[in-house]
Structures are given as C-alpha cells and as structure tokens.
Amino acid sequence: MRNLFKLSLLIAVSIITFSFTIWQKDFDTARRIATEKNQLILLNFSGSDWCGPCIRMEKEIFSNEAFLKMADANLVLLNADFPRFKKNQLSKEQRTAN
Numbered sequence: 345m346r347n348l349f350k351l352s353l354l355i356a357v358s359i360i361t362f363s364f365t366i367w368q369k370d371f372d373t374a375r376r377i378a379t380e381k382n383q384l385i386l387l388n389f390s391g392s393d394w395c396g397p398c399i400r401m402e403k404e405i406f407s408n409e410a411f412l413k414m415a416d417a418n419l420v421l422l423n424a425d426f427p428r429f430k431k432n433q434l435s436k437e438q439r440t441a442n
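Numbering of the sequence shown is given in the working numbering, commencing with residue 345 and proceeding in unit increments.
None of these hints come from the bench; they were simulated from the model. By construction, the Cβ of each residue, glycine as well, lies at the ideal position given by its N, Cα and C atoms. Mixed in with the good hints, there may be bad ones.
Stated by the list, open to error - EDC-like cross-link-like pairs, simulated, lysine to aspartate or glutamate; straight-line CA separation at most 16 angstroms: (1) Lys369 with Asp425; (2) Lys381 with Asp416; (3) Lys413 with Asp425.
What the hints assert, rightly or not - Quick list of the computed label-pair ranges, beta carbon to beta carbon: (4) Thr440 with Ala410: 31 to 39 angstroms; (5) Arg375 with Pro427: 21 to 29 angstroms; (6) Lys369 with Trp394: 17 to 25 angstroms; (7) Asp372 with Glu404: 25 to 33 angstroms; (8) Asp370 with Gly391: 15 to 23 angstroms; (9) Phe389 with Ala417: 19 to 27 angstroms.
Please build the complete structure, drawing on both the sequences and the hints.
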C-alpha cells in the first residue's frame, strides 16, 4: 500500500511538472495566449544542438522547478530554436509560417 502511494505521488508530481514546461514555437500563438492571460512573453533564442550557453541554460534554469512555477504563473514561454544540423532545422512549411 505504501509503495502504491509513493508511485501515485511520483506520477502526480511528474504530471504537474510537465504542465509547466509548455514552450510555444509560434509567435502568433504565444501572442494570443499572452493577450488572453495578460502575461508577458519570454522569448528564448536558442541553438539547441550547438550553443553551449543555451544548452546549459536549459539544464540549469529552464528545467528548474522554481523557474517553471514562476513562468507558469507569469509568462508565456516562446522558444525560437536555430539548430545547426539539418535534421533539427525547421521544415519549409514551418519557416513560411514563422
């Protein structure tokens, strides 16, 4: 019974943490959400597969529980990622839309 409770608690915490990490990829969507919620947009320019400081900031700040709680309550998160490797780049349709 105790293990079942621990497992349930772990799943609940994981779901709550996951809900904080919603990064928008489309500016118009982020702007609409920010207007509806009367919140500011945090625009993060990133090179997710080559930029050392960007990778470090993701690991140390953007994954931090305190940051995620603050951002969920106050910000709309928008990520503009510019990967170096072709497999990670935006498709033609995404480039046109954004």
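Here is how each hint holds up against the structure:
no., hint, in the structure
1, Lys369 with Asp425, "8 angstroms, holds"
2, Lys381 with Asp416, "11 angstroms, holds"
3, Lys413 with Asp425, "22 angstroms, violated"
4, Thr440 with Ala410: 31 to 39 angstroms, "37 angstroms, holds"
5, Arg375 with Pro427: 21 to 29 angstroms, "24 angstroms, holds"
6, Lys369 with Trp394: 17 to 25 angstroms, "18 angstroms, holds"
7, Asp372 with Glu404: 25 to 33 angstroms, "30 angstroms, holds"
8, Asp370 with Gly391: 15 to 23 angstroms, "19 angstroms, holds"
9, Phe389 with Ala417: 19 to 27 angstroms, "23 angstroms, holds"
Comparing the model with each earlier hint shows a violation of hint 3 alone; every other hint is respected.
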